[in-house]
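S.K.: Below are the chains, spelled out letter by letter.
Protein chains: 2
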Amino acid sequence: MTPSPNVSSQKAPLRTRVEEYFRGLQERICSQLEVVDGKAAFKADEWAHATGGGGLTRVLEKGGIFEKAGVNYSSTTSQLTKKLAAKLNLTPQKVHATGVSLVLHPQSPMIPTVHMNVRYLEPESGETWFGGGMDLTPYYLFDDDARHFHKTLKGACDKHDKNFYPRFKFLCDGYFFIRHRNESRGIGGIFFDYLKGDLEKTFAFVKDAGNCFLDAYLPLVDRRKKEPWGKAEKEWQLIRRGRYAEFNLVYDRGTIFGLETEGRAESILMSLPPEVQWRYNLTPKPNSREAALLTILTHPKDWI
Amino acid sequence: MTPSPNVSSQKAPLRTRVEEYFRGLQERICSQLEVVDGKAAFKADEWAHATGGGGLTRVLEKGGIFEKAGVNYSSTTSQLTKKLAAKLNLTPQKVHATGVSLVLHPQSPMIPTVHMNVRYLEPESGETWFGGGMDLTPYYLFDDDARHFHKTLKGACDKHDKNFYPRFKFLCDGYFFIRHRNESRGIGGIFFDYLKGDLEKTFAFVKDAGNCFLDAYLPLVDRRKKEPWGKAEKEWQLIRRGRYAEFNLVYDRGTIFGLETEGRAESILMSLPPEVQWRYNLTPKPNSREAALLTILTHPKDWI
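If you're matching them up, the sequences are chains A and B in order.
Going by numbering that gives the first Met the number 0, the first sequence opens with residue 0, and the numbers climb by one from there.
Going by numbering that gives the first Met the number 0, the second sequence opens with residue 0, and the numbers climb by one from there.
Since the hints were made in silico from the structure, they are not lab data.
Please note that a few of the clues may not be correct.
If chains are identical, the list can't say which one is meant, so a pair holds when it fits in one copy or spans any two.
Listed below are the simulated DSSO-like cross-link pairs for lysine-lysine, each with C-alpha atoms no more than 27 Å apart in a straight line [unchecked claim]:
1) Lys42 x Lys230
2) Lys284 x Lys42
3) Lys225 x Lys206
4) Lys61 x Lys284
5) Lys42 x Lys206
6) Lys284 x Lys161
7) Lys150 x Lys161
8) Lys225 x Lys284
9) Lys38 x Lys284
10) Lys233 x Lys161
11) Lys82 x Lys200
12) Lys86 x Lys38
13) Lys10 x Lys206
14) Lys38 x Lys82
15) Lys224 x Lys158
16) Lys38 x Lys230
17) Lys38 x Lys61
Just chain A, same shape as in the assembly (with noise of 0.2 Å):
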């Protein structure tokens, strides 16, 4: 048999076969993406950083199923400034950062909105590593669907270690959380950084974990999409998404690195909500659909 002359052996660099997974993944969930929709296509802009590399964004804007969905790809080598280096534990040097990144925004506010990220890091001098995760914010909470979220993401770090859900889902709870609103994003999923060691191993790891997000999330838009809401829904969803846009801005690392980065504003902020709200210290009604989820907010659980 002939190896197809478009997929790397085994033997390419490590960086080439996971910017090679990395893109595949992107077209895979694009193209999915696109029939769950039934309605809009995902747009394309390819672009190039201004110290090196470029990226591939790709949006798909009212749609059928999603408001906004953007699955961004980059690949880029920029010098990091002394006060980045400090965030990152590096001393003032070039790094390569390729990645996957994802934020979908449903129109129905009882589908919940999802992130999902893979990255690779390597400092021009010291330890390469992996990071990603994802996670779910939704606005109506459905037990089933958070259960089936961390059941399956679960599933894929079980093939790899028994340490790594529990670990992951600790992190997560950790990282997605408005310090400003003593409250966490949504309800968790799995967040890892700094995943240093045996590279191929972990490889493989972030590679079952890229390839479960459809899984772990496509049967959530299936059940909910035929779910009624009304403005009074919605209007809860546009405020909740403010939360959402605090986070980005104010705490997300991934943010932050591409914006100090000199990174592509558009590609890195299409993670915010096509639509938004703030109201002035508003509080859900006591027993409400509403005040259920901020109990789940302020109280992360476990979900298996």
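Once you've looked at the hints, dock chain B against the given chain A.
M.R.: Leaving out everything else, chain B in the frame of chain A:
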């Protein structure tokens, strides 16, 4: 003549007189804005700060003119973290901060959004200083409005020092700049910080700055409230408001100071627009009024 018991005499400590002036300024501005709005009234929330002091937040929502108007007074004592102290060029210590801060988001895209702030900072050890400023964020540009706003500010500055207006206008253009977008937040105004030296003289200037706010802004409301607009203009306003949220959450010193010193999130973030849109990579049509605004935002101009 018996001096009124409600007015502190010249001999009261500076901080007392500053707080009294700030509270009075908040009160006067809110009364006037209610008259101008003609429909909604300000709600008031008194709150206590976690580590000392508190404030009075006044918010008007869904008014005739203002979609959201927030005018905040606060007087708090907080312990500076090492990180925040470094930003302020201080050693970690307690600092007393008092100020008035407002942001008005009109319904009509023809009326600009405006921000004003005056503040007084007293570190436990070290020099006290004043800061403040105000800036205009139009969605559609009317040269007359920009000139009136800047001329009024220049008038207030010139009474104290002919160098103030050009210096503070320059600082304002530098401060209200959205680095990752490479564009200004609006058409500027004045911005000043770390005004030390003769504090009585500085206080006199700060009072004139605060007092000129309504004269600088209200005529614009009056001129533009009958200007027609439709869905397309509203959408442009919502998209530009997204930039406003980006600036406030990523760069604004007051917001960051507030969030990092565990201030009351609802009071700090009342500056955020009531409704916002983020559309991917939207570029206005060439030669449109929207494009004309962007030209000004990327090329700050001398308005006098």
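S.K.: Give a verdict on every hint.
M.R.: A quick look at each hint next to the structure:
no.: 1; hint: Lys42 x Lys230; in the structure: between (29 Å within a copy, 25 Å between copies)
no.: 2; hint: Lys284 x Lys42; in the structure: between (41 Å within a copy, 19 Å between copies)
no.: 3; hint: Lys225 x Lys206; in the structure: neither (32 Å within a copy, 58 Å between copies)
no.: 4; hint: Lys61 x Lys284; in the structure: between (31 Å within a copy, 20 Å between copies)
no.: 5; hint: Lys42 x Lys206; in the structure: within (25 Å within a copy, 53 Å between copies)
no.: 6; hint: Lys284 x Lys161; in the structure: neither (41 Å within a copy, 55 Å between copies)
no.: 7; hint: Lys150 x Lys161; in the structure: within (13 Å within a copy, 68 Å between copies)
no.: 8; hint: Lys225 x Lys284; in the structure: within (25 Å within a copy, 38 Å between copies)
no.: 9; hint: Lys38 x Lys284; in the structure: between (36 Å within a copy, 26 Å between copies)
no.: 10; hint: Lys233 x Lys161; in the structure: neither (39 Å within a copy, 52 Å between copies)
no.: 11; hint: Lys82 x Lys200; in the structure: neither (31 Å within a copy, 38 Å between copies)
no.: 12; hint: Lys86 x Lys38; in the structure: neither (42 Å within a copy, 49 Å between copies)
no.: 13; hint: Lys10 x Lys206; in the structure: within (17 Å within a copy, 71 Å between copies)
no.: 14; hint: Lys38 x Lys82; in the structure: neither (44 Å within a copy, 48 Å between copies)
no.: 15; hint: Lys224 x Lys158; in the structure: neither (31 Å within a copy, 63 Å between copies)
no.: 16; hint: Lys38 x Lys230; in the structure: both (22 Å within a copy, 24 Å between copies)
no.: 17; hint: Lys38 x Lys61; in the structure: within (9 Å within a copy, 34 Å between copies)
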